[in-house]
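For reference, the chains in residue letters:
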Amino acid sequence: MNCLSKPIRLLLFFALLFALPHAVQAHVGSKDVYEQVNAGPYKLFVTIRTPTVIPGVATVEVRSSGATVKNIHITPLPITGEASKHPPTSDPMKASTADPAFFTGNIWMMASGSWQVRFDVSGDAGDQVVSVPVPAVAISTLKMQHGLGITLGILGLFLVVSMAGIVAAAVRDARLEPGATPSPNRKRKAILATICSLAFMALLLWGGATWWNVEAAAYSLNVYHPMSVSPSLSGNLLNLNVAAYDGDKERASRSNKDFLPDHGHLMHLYAIREPEMDAVFHLHPELASIGDFRISLPTMPAGEYKLYGDIVHANGFPETLVSTITVPANMPGTPPGADDASGYPQPLSHGELGNSYKLPDGYTMVWDRPATVSANTAYAFHFHLIDGDGKPASDVQPYMGMAGHAAFVKTDGTVFAHTHPEGSAAMAALMLANGSSGTDHNTMNMDMSAHNEPLSSTVEFPYGFPSSGRYRIFVQMKHSATIETGAFDVIVP
Amino acid sequence: MASSTFPTPYAGSHTTTQVTSKTTSVPWYIWWGVLAVTSSSIGGAWDVSWHRSIGRDSFWTPAHMAIYACGVLAAIICGYLILINTFGRNAKENTATVNVLGFRAPLGAFIAAWGGIAMITSAPFDNWWHAAYGLDVKIVSPPHTLLILGIRGVGIGILFLILAAMNRASGEESNERTFKTLQRLFLYIGGLFVSGQMFFLLEYTWDVKLHSVSPYVAMGIALPFIFAMLSQASRYKWAATSTAAVYMTIAIAEILILPLFPAQPKLGPVFYPVTHMVPAKFPILIFAPALALDLLWQRTRAWKPWTIALVSGFLFMAVLVMVEWPFANFLLSKASENRFFGTGYFDYNSQPNGYDRLRIFFEEDHGATLFAGLLRAAVYGSIGTWIGLNFGRWMRSVQR
Numbered sequence: 030m031n032c033l034s035k036p037i038r039l040l041l042f043f044a045l046l047f048a049l050p051h052a053v054q055a056h057v058g059s060k061d062v063y064e065q066v067n068a069g070p071y072k073l074f075v076t077i078r079t080p081t082v083i084p085g086v087a088t089v090e091v092r093s094s095g096a097t098v099k100n101i102h103i104t105p106l107p108i109t110g111e112a113s114k115h116p117p118t119s120d121p122m123k124a125s126t127a128d129p130a131f132f133t134g135n136i137w138m139m140a141s142g143s144w145q146v147r148f149d150v151s152g153d154a155g156d157q158v159v160s161v162p163v164p165a166v167a168i169s170t171l172k173m174q175h176g177l178g179i180t181l182g183i184l185g186l187f188l189v190v191s192m193a194g195i196v197a198a199a200v201r202d203a204r205l206e207p208g209a210t211p212s213p214n215r216k217r218k219a220i221l222a223t224i225c226s227l228a229f230m231a232l233l234l235w236g237g238a239t240w241w242n243v244e245a246a247a248y249s250l251n252v253y254h255p256m257s258v259s260p261s262l263s264g265n266l267l268n269l270n271v272a273a274y275d276g277d278k279e280r281a282s283r284s285n286k287d288f289l290p291d292h293g294h295l296m297h298l299y300a301i302r303e304p305e306m307d308a309v310f311h312l313h314p315e316l317a318s319i320g321d322f323r324i325s326l327p328t329m330p331a332g333e334y335k336l337y338g339d340i341v342h343a344n345g346f347p348e349t350l351v352s353t354i355t356v357p358a359n360m361p362g363t364p365p366g367a368d369d370a371s372g373y374p375q376p377l378s379h380g381e382l383g384n385s386y387k388l389p390d391g392y393t394m395v396w397d398r399p400a401t402v403s404a405n406t407a408y409a410f411h412f413h414l415i416d417g418d419g420k421p422a423s424d425v426q427p428y429m430g431m432a433g434h435a436a437f438v439k440t441d442g443t444v445f446a447h448t449h450p451e452g453s454a455a456m457a458a459l460m461l462a463n464g465s466s467g468t469d470h471n472t473m474n475m476d477m478s479a480h481n482e483p484l485s486s487t488v489e490f491p492y493g494f495p496s497s498g499r500y501r502i503f504v505q506m507k508h509s510a511t512i513e514t515g516a517f518d519v520i521v522p
Numbered sequence: 049m050a051s052s053t054f055p056t057p058y059a060g061s062h063t064t065t066q067v068t069s070k071t072t073s074v075p076w077y078i079w080w081g082v083l084a085v086t087s088s089s090i091g092g093a094w095d096v097s098w099h100r101s102i103g104r105d106s107f108w109t110p111a112h113m114a115i116y117a118c119g120v121l122a123a124i125i126c127g128y129l130i131l132i133n134t135f136g137r138n139a140k141e142n143t144a145t146v147n148v149l150g151f152r153a154p155l156g157a158f159i160a161a162w163g164g165i166a167m168i169t170s171a172p173f174d175n176w177w178h179a180a181y182g183l184d185v186k187i188v189s190p191p192h193t194l195l196i197l198g199i200r201g202v203g204i205g206i207l208f209l210i211l212a213a214m215n216r217a218s219g220e221e222s223n224e225r226t227f228k229t230l231q232r233l234f235l236y237i238g239g240l241f242v243s244g245q246m247f248f249l250l251e252y253t254w255d256v257k258l259h260s261v262s263p264y265v266a267m268g269i270a271l272p273f274i275f276a277m278l279s280q281a282s283r284y285k286w287a288a289t290s291t292a293a294v295y296m297t298i299a300i301a302e303i304l305i306l307p308l309f310p311a312q313p314k315l316g317p318v319f320y321p322v323t324h325m326v327p328a329k330f331p332i333l334i335f336a337p338a339l340a341l342d343l344l345w346q347r348t349r350a351w352k353p354w355t356i357a358l359v360s361g362f363l364f365m366a367v368l369v370m371v372e373w374p375f376a377n378f379l380l381s382k383a384s385e386n387r388f389f390g391t392g393y394f395d396y397n398s399q400p401n402g403y404d405r406l407r408i409f410f411e412e413d414h415g416a417t418l419f420a421g422l423l424r425a426a427v428y429g430s431i432g433t434w435i436g437l438n439f440g441r442w443m444r445s446v447q448r
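Chains G and X are the protein sequences, given in the same order. This note's numbering runs 29 ahead of the 1-based position in the first sequence. This note's numbering runs 48 ahead of the 1-based position in the second sequence.
No lab work stands behind these hints: they were computed from the structure. Among these hints, one or two may not hold up.
Dumping the calculated DMTMM-like pairs for lysine to aspartate or glutamate here, alpha-carbon to alpha-carbon at most 25 Å [to be verified]:
(1) G/Lys172 with G/Asp441
(2) G/Lys387 with G/Asp369
(3) G/Lys114 with G/Asp149
(4) G/Lys114 with X/Asp404
(5) X/Lys382 with X/Glu411
(6) G/Lys387 with G/Glu489
(7) G/Lys286 with G/Glu111
(8) G/Lys420 with G/Glu489
(9) X/Lys228 with X/Asp342
(10) G/Lys114 with X/Asp105
(11) G/Lys286 with G/Asp321
(12) X/Lys382 with G/Glu111
(13) X/Lys382 with X/Asp413
(14) X/Lys285 with X/Glu385
(15) X/Lys228 with G/Glu206
(16) G/Lys172 with X/Asp174
(17) G/Lys123 with X/Asp174
(18) G/Lys99 with G/Asp128
Please put together the full structure from these sequences, using the hints given.
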């Protein structure tokens, strides 16, 4: 993993380089937060680009619409616990001179955990406050750039050589009366001292390099890893065992006993058939005992499935637990639950899906695909549900409390993000951050079943692709009693 | 050994040299050097307080500026000394210089320049470290160690500049006033050095840890060495006491001054609502063991160095434990929560259930563990004293 050769590394402790494998986080491989929130009459599209190391700096961007925003102050603070009661001083966001509705700012995330960024908004409609949850975790360590390594190496070498020169001068010249010249004996001693000092410094550098390794190893322990889950399938009964942690400090804030319901379910499980992504299921296992999620699977085509299980901890920290199962041929199936959904898009190898997706019941889902899509750019992606007559669907109902659910999945399996029209933050965390009590189940369950008015046939999802590559987007909307699953492909250059 | 342990500066007859006869006052660069070291000491304490009260801030905080002013001043002084003595018109005449890689200047100038370069090297290294592993608040990390080594290098360099001038002046009775001034400056810088050692040990000598072995082992390694060295090199019989007094005065001044300034945390998580700058903890009472060492060394001039060293380590540790152990009880009691002892000040990120906030001892050591640990600390003290005495004696003969 090191750029420089071993002897150089040992000699020039400064040039020692490290890199650890890129790790995942809440969602998978999609760390940034894209969220649309309302602060009273102000509508904010928030992008929070979290740091890869903790402590580190997160950049915050806000595009405002609705009532005119004059200024925004941002404050980072944990969602729960003692420190949530003592906000630090806020930082003002800077309005763009070209676009006064666009604000940017930075915040320090000083510790891992479940954080929120509080936005104090003032403008034409007075002062308003809204919070966006941010899961803060260290996800990697940086590799040192070659140029910096060489510069530090040269400076380090100079420090070693000049120190040896100073030691030689101290032995040879320092004690001489001014004007006197050193005797041959002193000169010999100086050479000996130079050799000894070089050996001593080599020892120090070796010690320093060892220390560096220890520090790097200690840091890598803090790099985020999701809780481990072991799947087992007997008949069509799937057990997902979430291991308890007895581990380090960072994980102590996450346990397998502290799950919060999100949209009425403790776990939202996506099962995607690999490698063609031609079957997708959105299921909701129930908690049978501590850490043990269970579900009787519906009829599924045989094959290997990647499982992405979204959970939210009591402090609002969301995680995606990843595992795989193999579904055997002719597995018996149980009728799906009321909120469960499935879709069967064409295999990846059959080409790219377009902007219009034919649904099995004659409806169509249409994506207003932006002219260009680039990585790390915030978008509000719009999807429409069209009925069998080619008109906007007039019978759209909330699906688990939301106008829709979307999953952005990279075809190589390195990115998975389950998002909602509010954005990529978990709804339960968003509600905790904005003052709903965790015990208020009516609110936490997002029980919108009493919703009678049909919803708009258009749904939007704020999101930004974290890297270039091919993605498949699964969009779920409900009309009458039918839950539709549309699929779209996009290649992010 | 009687004569070599504490020589009297004006008793011997030394050859008058070209330089000593010229040295009628303290050179300007020494004053600037003293200012540089003072600046970094104040900056260091201020910066720690900044991180504990406000949190990590921009690079351009006054505390950071005070630290880096040390490097800038050192660069100006050393650059000037190296240039003037290597290429200057009178380079050949000024003979009180040493030769390092072809350049000529007093030894102290080279050491201080080395420290300045180490400080500069640490900046991009530290920056990368924070980017790679997070902006830790640990004082003891590899890049911080390099920075502290650099600051210490500047300090040692200035100390050697003073020392060489002092050693040359010690031969001349007409230079007695200059010698005295240089000696005071030397002891003052020595005191800042002791403060620097204690600063590096801050994480080990937290008041809640004072009933365990680790702070005593740390101080056993760090302090007797430096007291013995300063005592020998300065030729002053109260050197340990006076340098310990410099440390304690600065630390108490910090407690009295810093909380006068309002401050609020800029970063979360905030567990304790800080309203004013948080000073360091009350200083360790090293004044007492330092006084014991001075008294011992005044009375044992006829002893062999290794016996002095052996007794010094044990005496230092015995007095330190006798004084600090009961004092730690006082520091953790309500009685010390006042403006002077300042034990009621906490960082913004000190948790309500932490040892510091609860005012209870952290991992107390007892019985055999304690005894063996203190014994080890005393042995380190003895070894340190031996090295310090020898190095100090060597320093006393530095002329250039």
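(Q) Would the hint linking G/Lys286 and G/Glu111 be met if the CA-CA limit is 25 Å? (A) Satisfied, since the Cα-Cα distance of roughly 21 Å is no more than 25 Å.
Hint check: G/Lys114 vs X/Asp105, CA-CA at most 25 Å. Holds or violated? holds (22 Å)
Q) Holds or violated: X/Lys228 with X/Asp342, Cα cutoff 25 Å? A) holds (19 Å)
Next pair to validate is G/Lys286 with G/Asp321; report whether the Cα-Cα distance is within 25 Å.
holds (10 Å)
Note to self: Please verify whether G/Lys172 and G/Asp441 have alpha carbons no more than 25 Å apart.
What the structure shows: holds (24 Å)
Against the 25 Å threshold, does the CA-CA distance of X/Lys285 and X/Glu385 hold or violate the hint?
Violated. X/Lys285 to X/Glu385 sits at ~36 Å, over the 25 Å cutoff.
* 25 Å limit on alpha-carbon distance, applied to hinted pair G/Lys420 and G/Glu489 -> holds (18 Å)
Point to revise | Pair hint X/Lys382 and X/Asp413, alpha-carbon separation not exceeding 25 Å | key: Distance ~23 Å between X/Lys382 and X/Asp413 Cα, so the pair holds.
Review point. Regarding the pair X/Lys228 and G/Glu206, is the alpha-carbon distance no greater than 25 Å?
Key: Roughly 21 Å between the alpha carbons, so the hint for X/Lys228 and G/Glu206 holds.
For G/Lys114 and X/Asp404, compute the direct alpha-carbon distance and say whether it is at most 25 Å. Within the cut-off at roughly 20 Å; holds.
**Item:** Hint consistency between G/Lys387 and G/Glu489 [alpha-carbon to alpha-carbon, up to 25 Å]
**Value:** holds (19 Å)
query: Keeping to a limit of 25 Å between CA atoms, is the pair of X/Lys382 and X/Glu411 held or broken?
result: holds (21 Å)
In this structure, the earlier hints numbered 14, 17 are contradicted, and the remaining ones agree with it.
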